[in-house]
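Chemist: Residues per chain are reported as follows:
2 protein chains.
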Amino acid sequence: MNIILASTSTLFGGEYLEYLTEEIVQLFEGSDEIIFIPFARPGGISHDEYTQKARSFFDKINIKVKGLHEFDDKAEALNNAKGFFTGGGNTFLLVKTLHEENLMSVLKSNVESGKPYLGCSAGSNIGGQNMKTTNDMPIVYPPSFECMGLVPFNINPHYLDPSPELKHNGETRETRIKEFLTQNDVKVVGLREGNWIRRKADRITVEGAELTRIFEKDKEPYEIESGTEL
Amino acid sequence: MNIILASTSTLFGGEYLEYLTEEIVQLFEGSDEIIFIPFARPGGISHDEYTQKARSFFDKINIKVKGLHEFDDKAEALNNAKGFFTGGGNTFLLVKTLHEENLMSVLKSNVESGKPYLGCSAGSNIGGQNMKTTNDMPIVYPPSFECMGLVPFNINPHYLDPSPELKHNGETRETRIKEFLTQNDVKVVGLREGNWIRRKADRITVEGAELTRIFEKDKEPYEIESGTEL
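Those sequence lines, one after another, are chains A and B.
Residue numbering for the first sequence follows the UniProt record's numbering, starting at 1 and increasing by one per position.
Residue numbering for the second sequence follows the UniProt record's numbering, starting at 1 and increasing by one per position.
No lab work stands behind these hints: they were computed from the structure.
Bear in mind the structure is a predicted one, so any value in this text is a computation, not a measurement.
Be aware that one or more of the hints could be misleading.
Claimed, not checked - Under the rule of at most 27 Å between Cα atoms (straight-line distance), these lysine-lysine pairs were calculated in the BS3-like manner:
# : chain 1 : residue 1 : chain 2 : residue 2
1 : B       : Lys53     : A       : Lys217
2 : B       : Lys96     : B       : Lys53
3 : A       : Lys178    : B       : Lys53
4 : B       : Lys66     : A       : Lys96
5 : B       : Lys53     : B       : Lys64
6 : B       : Lys96     : A       : Lys187
7 : B       : Lys96     : A       : Lys217
To be verified - The following residues of chain A were derived to be distant from chain B, with all beta-carbon distances above 10 Å:
#  : residue
8  : Glu15
9  : Lys132
10 : Phe153
11 : Arg176
12 : Leu211
No residue lacks a Cβ here, since even glycine has one placed at the ideal position from N, Cα and C.
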């Protein structure tokens, strides 16, 4: 497999996908066209506009982008594609759409066959075992929380450290992930913004400028450095 | 109906339920025993320990507390009870448990018959139309997101204003609720900590020290004052 699962598409103050440019060029080497999956976006901009946003980045590196929503037979489009990019938004909406249109398993088998896959945020969540560690609001009811399982763990994108100043009684991110582990035995990778997971064949590493926080059942959470194998 | 749906159980620096004491005394006037529903709590403390926490507050106002988990026939226990308190935790776990044990509709009909109901956080979410505006992580998969609909809207507990300093690319609470409204036509009450919904018969008001932020489909969000009817 040949995969990037990134915490975020955009760093604070940066341009869309800019910080990942070099990695994305390597990921899609040899592909001159990819399919963009815009289904996570719940509003504000249309699927066409969201695809155009992806296109304006990929134009710069000479890769054409088609939106999956443009195809009548979406499964066939995935099977004919050379690579994939799933953008962020709401994971519940993305997972609901992919399951209801029977596309989750088609995308999974195409990525498992070696076609390059880039996910950001919600698009990274669906690379994990299931979507039970998303930060998103459950605005729609998906037929299942199961995802592609391209990596043998779950991802928590936009991982955020507790803020000691916050006089607020909502759960911290760490508390939420520990709650997940009371109900599930799946490793969780708390991916801070600026970090990403890289899978090349069987080698899976965490990359980026920040440390990455790992949560496992019945263990204290711990930090790993960029470049560490997972 | 006779209901309090509170944003939080505990104000920053305060004791459990302390800020709501006077309201709770009024709500449960005439009841000397209530049932506590501890199912939202995913870990850290047991159902017994969580019930003990509720009991230690209600002892002070001379109301006995039994945990719903103590009963073999939980539906019968709800039907025989004089009042209810559902504590906070994870809304997905609470809703899954109530649906799987067929208790959601039993609790609903008991509250609709006039028995007093107190909910905090997750326990307030289940008083709304559905749980699609919870802040919680989807750590388990409930058979449905539908809730009791004790009020004709949804609640977003622990409502948090955007923090302009935060250099983080995750969605703000306001963005999340607006995303909900692209997929659903249900009013959302953004309940800041310290505020609660009070329903007495057909009169529903918002109470507490803070303004409350209201979100409706195709409208700009707006603020209402304490005491306003909903």
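Chemist: Give me the numbers of the hints this structure contradicts, sorted from smallest to largest.
Modeler: Checked against the structure, the hints that fail are numbers 4, 9 and 11, while the rest are satisfied.
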